[in-house]
Amino acid sequence: MSGPRAKKRYWNQPTMGWWERVYILEVVRGLCITGGVFLGNMWKWMTFRKGALTTYYPEERRADYSPNNRGRHVLTRRPNGGVQCVSCNMCATACPAYCIEILSAADFTDRAHPKAPERFEIDYSRCIFCGYCVEACPEDAIRMVEDVPDLPGFDRDRMWGKIDLLTQWHPQSDPRKRYPDAPGTGAGAQT
Amino acid sequence: MIADLVVHVLFMLYAISFMMGLATIFTWVERKLSAIMSDRIGANRCYLRVPFTNVKFVAWGLFHGIADGGKLLLKENFTPTTYDRLCYDLAPWLAAVPVLLVFAVIPFGGTLTPSGLIDASAFPWLSEQVSRFFGERSYVMQVAALDAGVLFVLAVSGVGILATMLAGWSSNNKFSLMGTARAASQMISYEVAMGLALLGVIVTYGTLDLHQMVEQQQRLLFGALPAWGIFLQPLAFLLFLTAAIAENKRIPFDLPECESELVAGYFTEYTGMKMGLFMLSEFIEIVVIAALLVTLFLGGYNLPYLTDAGFVFPDGSEWYLPHAAVVVLQVATFAAKTFIVGCFQIQVRWTLPRFRYDQLMAFGWKFLLPLAMINLVVTVCLRWALP
Chain A
1 MSGPRAKKRY
11 WNQPTMGWWE
21 RVYILEVVRG
31 LCITGGVFLG
41 NMWKWMTFRK
51 GALTTYYPEE
61 RRADYSPNNR
71 GRHVLTRRPN
81 GGVQCVSCNM
91 CATACPAYCI
101 EILSAADFTD
111 RAHPKAPERF
121 EIDYSRCIFC
131 GYCVEACPED
141 AIRMVEDVPD
151 LPGFDRDRMW
161 GKIDLLTQWH
171 PQSDPRKRYP
181 DAPGTGAGAQ
191 T
Chain B
192 MIADLVVHVL
202 FMLYAISFMM
212 GLATIFTWVE
222 RKLSAIMSDR
232 IGANRCYLRV
242 PFTNVKFVAW
252 GLFHGIADGG
262 KLLLKENFTP
272 TTYDRLCYDL
282 APWLAAVPVL
292 LVFAVIPFGG
302 TLTPSGLIDA
312 SAFPWLSEQV
322 SRFFGERSYV
332 MQVAALDAGV
342 LFVLAVSGVG
352 ILATMLAGWS
362 SNNKFSLMGT
372 ARAASQMISY
382 EVAMGLALLG
392 VIVTYGTLDL
402 HQMVEQQQRL
412 LFGALPAWGI
422 FLQPLAFLLF
432 LTAAIAENKR
442 IPFDLPECES
452 ELVAGYFTEY
462 TGMKMGLFML
472 SEFIEIVVIA
482 ALLVTLFLGG
492 YNLPYLTDAG
502 FVFPDGSEWY
512 LPHAAVVVLQ
522 VATFAAKTFI
532 VGCFQIQVRW
542 TLPRFRYDQL
552 MAFGWKFLLP
562 LAMINLVVTV
572 CLRWALP
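Respectively, the protein sequence lines represent chains A and B. So the first sequence is numbered by my numbering: it starts at 1 and just counts up by one. So the second sequence is numbered by my numbering: it starts at 192 and just counts up by one.
Chain A with its partners taken away, still in its complex shape (with noise of 0.2 Å):
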């Protein structure tokens, strides 16, 4: 058969027996497959497993989940517990989704860094977590952890994260990473 009116035949084309072109054969099992799955589903949580492939997420974090993903920022402190950062601004600048703003104070008495930041706050709704800023960062003083930022909400405007929330990083902790000596002192000065 051939002409304009002949019916393409593909190479895979999928071909059917009497079981399915009856059609209401195959109803009947896939209604026993779904029938199936969900009574086996729900057999397990009657006995205290879980059939559910998802996970409760915020609270439940599969075990596959990349110990490398880098989902919160933490600025890091000073042993005096002051923020390290010096408001430089180049993390913002980095930041190819705008959504870290600084707002600088000075403070003289301290000698070495007499600027630090009176308000460094993330956009958890607008940051794509590219990491740009900890690249970008001179001083250290912003990281990215494992963690992930407690991100839902009911508000947008609890989606940013403020000073208190990132500087949850004391270097004093971390013994991998050895505390950056303070400018114009000599190495070992301050520890």
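Keep in mind the hints are simulated off the structure, nothing from the lab. Check before you lean on any hint, since a few could be wrong.
Capping the alpha-carbon separation at 30 Å, the derived lysine-lysine pairs in DSSO-like fashion look like this [unchecked claim]:
(1) 262/B / 247/B
(2) 365/B / 262/B
(3) 247/B / 44/A
(4) 266/B / 247/B
(5) 247/B / 365/B
(6) 8/A / 557/B
(7) 50/A / 247/B
(8) 557/B / 7/A
Fair warning: this is a prediction, and the values are worked out from it, not measured in the lab.
Knowing the structure of chain A, use the given hints to seat chain B on it.
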């Protein structure tokens, strides 16, 4: 007179709360059943919190229906710039009211005799008061005891087509109009097969009264098997189930509102609670279809071997129950059967893929209709041969 009024108002309240409550529960069942069937958890975040405390009742996400209702009520009432005001506002009501009306003729329990409800030896004063108020009256547990119950069902469910047509036509949207065209042709086509399948049932029972149909299903076949419609008319059961799901416009027959082609079909331009009424009427229709299937084919409120006096087993043993226990058992049986059949409809909805439109029409006219006719002819011949 006042006694009749009291009983009928109670029946009406029960019928409305039964339908509304079960429809709300079915929104939860739809979410949970589909989730468990596909290895997911399903909606589980909604909770009721005890005020001023941090005690939260999650109840496996049962309260999501309440959250949906609240959200829909608070939504903006958006209307298209050009639309037919009267028809646009009328359509959601036309969709919701007929499905509520169908339940009026469905018997949700056996015969209620109020004077027999209370044990006279245990509570003599209360029993005397009830007997004095109600006398010896007995009531069929049905909102409207119509002789032509089946005709009423068909007539009222036919009004639902008008709602979809009005909604699609008045909202001045191409998608709505296409959804309406599909809905109208589909519902009219499947109404034919549904009516013919019902004719077989009517011929079998020899009556149009739904309560008498259920009473006939109390009999036993071959001494042991209950004479339920599904055993007398198995083909009509399948045809009616298929046609009823098609009437309800749910998957696999949801072409009037298929999301992948027609945004939302005939109610694309509806927002807020007007859209909510369409959705609610869909879920109430699940309840109504389940109740109809139970009434016509699954023995209604009858448990096997349960009569108005108590259990009478085929081996001759008997277990008599007080009238109140029988009434409660019958009402609970009807509710449980309706729930199970509704869950089956939801399982069908989450199992089968959607038909193509020509397949839908071919299925209705070339498959269901001839089968319904054959069923009717065979039923009539058998009825004539075996009086």
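Hints, one by one, checked against the model:
1. Among the hinted pairs, residue 262/B with residue 247/B is consistent with the structure: their alpha-carbon atoms are about 20 Å apart, no more than 30 Å.
2. For a cut-off of 30 Å, the pair hint linking residue 365/B to residue 262/B stands: about 27 Å separates their Cα positions.
3. Note on residue 247/B and residue 44/A: the hinted pairing holds, with a Cα-Cα distance of about 25 Å set against a maximum of 30 Å.
4. Of the supplied pair hints, the one linking residue 266/B and residue 247/B holds, its CA atoms being roughly 26 Å apart against a limit of 30 Å.
5. Of the pairs offered as hints, the one joining residue 247/B and residue 365/B is violated, with about 46 Å between alpha carbons and a cut-off of 30 Å exceeded.
6. As the CA atoms of residue 8/A and residue 557/B are separated by approximately 26 Å, the hinted pair is consistent with the 30 Å bound.
7. For the hint linking residue 50/A to residue 247/B, the alpha-carbon distance of about 22 Å falls within 30 Å, and the restraint holds.
8. Of the supplied pair hints, the one linking residue 557/B and residue 7/A holds, its CA atoms being roughly 23 Å apart against a limit of 30 Å.
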